[in-house]
Every structure is written in C-alpha cells, then in structure tokens.
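Visitor: So the protein sequences, as listed, match chains A and B.
Counting with our numbering, you get residues 1 to 102 for the letters of the first sequence.
Counting with our numbering, you get residues 1 to 161 for the letters of the second sequence.
Calculated from the structure, these hints are not laboratory results.
For clarity, every value in this text was computed on a predicted model and none was experimentally measured.
Hints may contain errors.
With a cut-off of at most 25 Å between alpha-carbon atoms, the simulated DMTMM-like pairs for lysine to aspartate or glutamate come out as follows [stated by the list, open to error]:
| id | chain 1 | residue 1 | chain 2 | residue 2 |
| --- | --- | --- | --- | --- |
| 1 | B | Lys159 | A | Asp95 |
| 2 | B | Lys159 | A | Asp59 |
| 3 | B | Lys159 | A | Glu84 |
| 4 | B | Lys159 | A | Glu7 |
| 5 | A | Lys90 | A | Glu74 |
Letter by letter, the chains look like this.
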Amino acid sequence: MSPVPLEYGLGLAAALFVLGLVGALVRRSVLFILLSIEIMLNAGALAFVFAGARWAQPDGQVVFLFILTVAAAEVCVGLALMLELYQRFKTLDGDAASRMKG
Amino acid sequence: MAVFVISSAVALISTILVITRRNPVHALLYLILSLLSVAVLFYSIGAPLAAAFELIVYAGAIMVLFAFALMLLNPGALSAGGPRRRPLFWLVPALLGLVLLGELAYVFTRLPPRPLAAGGVPPQQVGLALFGPYLLGVELASFLLLAGLVGAYHIGRRKPS
C-alpha cells in the first residue's frame, strides 16, 4: 500500500538518530541530553515501525510499544536524577556530576 | 509520498531546532512538534496504533513529565517578564504546525478513503501479537515500569538529614 520506499523511512530514522546523537554529545545541560536520548529512541522506533509496515507485520508496532515503555521508564529515572543534581549543585551542567562521590 | 516528504521535512527541521535552542521550554515544544510529524508519518504508512500511541504517550505523557520537571527546576524563570516580550517566538512553531494541519486537511478531504486492511497493520493484529507471542515481553515491560517508578521515588525522596 505505502508508496514510500523502505529506504526513505530508514534514511529519515538515521538522520533523526544522528541529530539526537549530536545533541547528546554537544549540549552540556542534562535536560538537553535527556531530550536527545528521547530523539534517538524515537528514531529507533521509527525504523521499527517502517520495517513492520514494509512487510505488513504487526511486530514492528509491538517493538514500538516496548520502546515506548523503555523511554517512559528511562525518562522517569532520568528526570529524578536531574532534579537531584539540581538540588545538590544548583546547576544543570552534566559535568558537575563528575565530582559526585558515594 | 507528498505526505511523507512534507512531514519528514517538518520532523527534521523541528529536531534541528530542538538541539539548538537555548530555552528548554522552546526545545520541549519543538520536540512535541517533531513527535507530531512522526505520528503523521506513522499514520500515512498504515500504522494507526503506533500513531495514536506516539501522540498519547510520547507527546502527551512523556513531554508533560518533562514540563513538570522544568517547572520544578526554576519557577522564577518561567514567570519572569510580562506578556508580549519578544512576541515573534511563536512564529516558527506556528508555521510548522500549520504545515501539519494543512497536511491533515489534505488527507481528510482530497485523498479517497481507503480501507486500512489494504496493506497497513490494523490495531487488532497488533493487539493479538502483543498478547499472544509477545506476552512475556508485556510482563517484562510492566516490571520495567515498576522498577522505573520505584527508582524515581527512591532518588527523589527527601533525605532525613
């Protein structure tokens, strides 16, 4: 049905993943690192859904739901850590956590 | 195909804007826009369940969690400044959102309605696969969510010091 070739979808997913990777490497704020991780997870899910739609199988969307679960759990713990970091160091700079002990 | 090109362009542009913003709230809103366009992509390739979950869980729940955390961080910075301060900030996201809205209107009015079973994956199949061969994965996902909940509670607990 879908006239979109699989390669285009995978190319878009790869581009989004690279953008998220660049964001996670370049930004120093923990909040932006978490946002970039969300972008990368979303790009992976996009690749799965495209591949599932290519062969008209439901497995791609099932894996999408699992990725959604992983993203929710990860962002839950990540935001809690971010709030803790902000309460301790009064900054969102991820490098501040390199001095953390114990 | 046009739907794919336009919404992937919107997704790429808004993602670039996400990783270049200075204001976290603007980045958050651009990320929501990117997720909306990915949902349009999912719908256009015949995955309506994934599109709905992208909207409800990603753009609806996870991004709201980010917004809550942002407001816990510095409530002063969000309320600083009166109205009409730098009023052009809304222009770019509004334009990108209008592109998506126009796409929606195009899909609903111009394209002939077609049955989903003509090649897409209907939600019934996904549900049957999810609670059939993938049942163990669903149980593990619930364990993961519980672990995330307990972990977030443990980290965010006030220490008696």
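Visitor: Run every hint past the structure and note whether it holds.
Guide: Hints, verified against the model:
Of the supplied pair hints, the one linking B/Lys159 and A/Asp95 holds, its CA atoms being roughly 24 Å apart against a limit of 25 Å. For the hint linking B/Lys159 to A/Asp59, the alpha-carbon distance of about 44 Å lies beyond 25 Å, and the restraint is violated. As the CA atoms of B/Lys159 and A/Glu84 are separated by approximately 11 Å, the hinted pair is consistent with the 25 Å bound. Straight-line distance between C-alpha atoms of B/Lys159 and A/Glu7 comes to about 51 Å, which puts the hinted pair past the 25 Å bound.
The straight-line distance between the Cα atoms of A/Lys90 and A/Glu74 is roughly 23 Å, inside the 25 Å bound, and the hint therefore holds.
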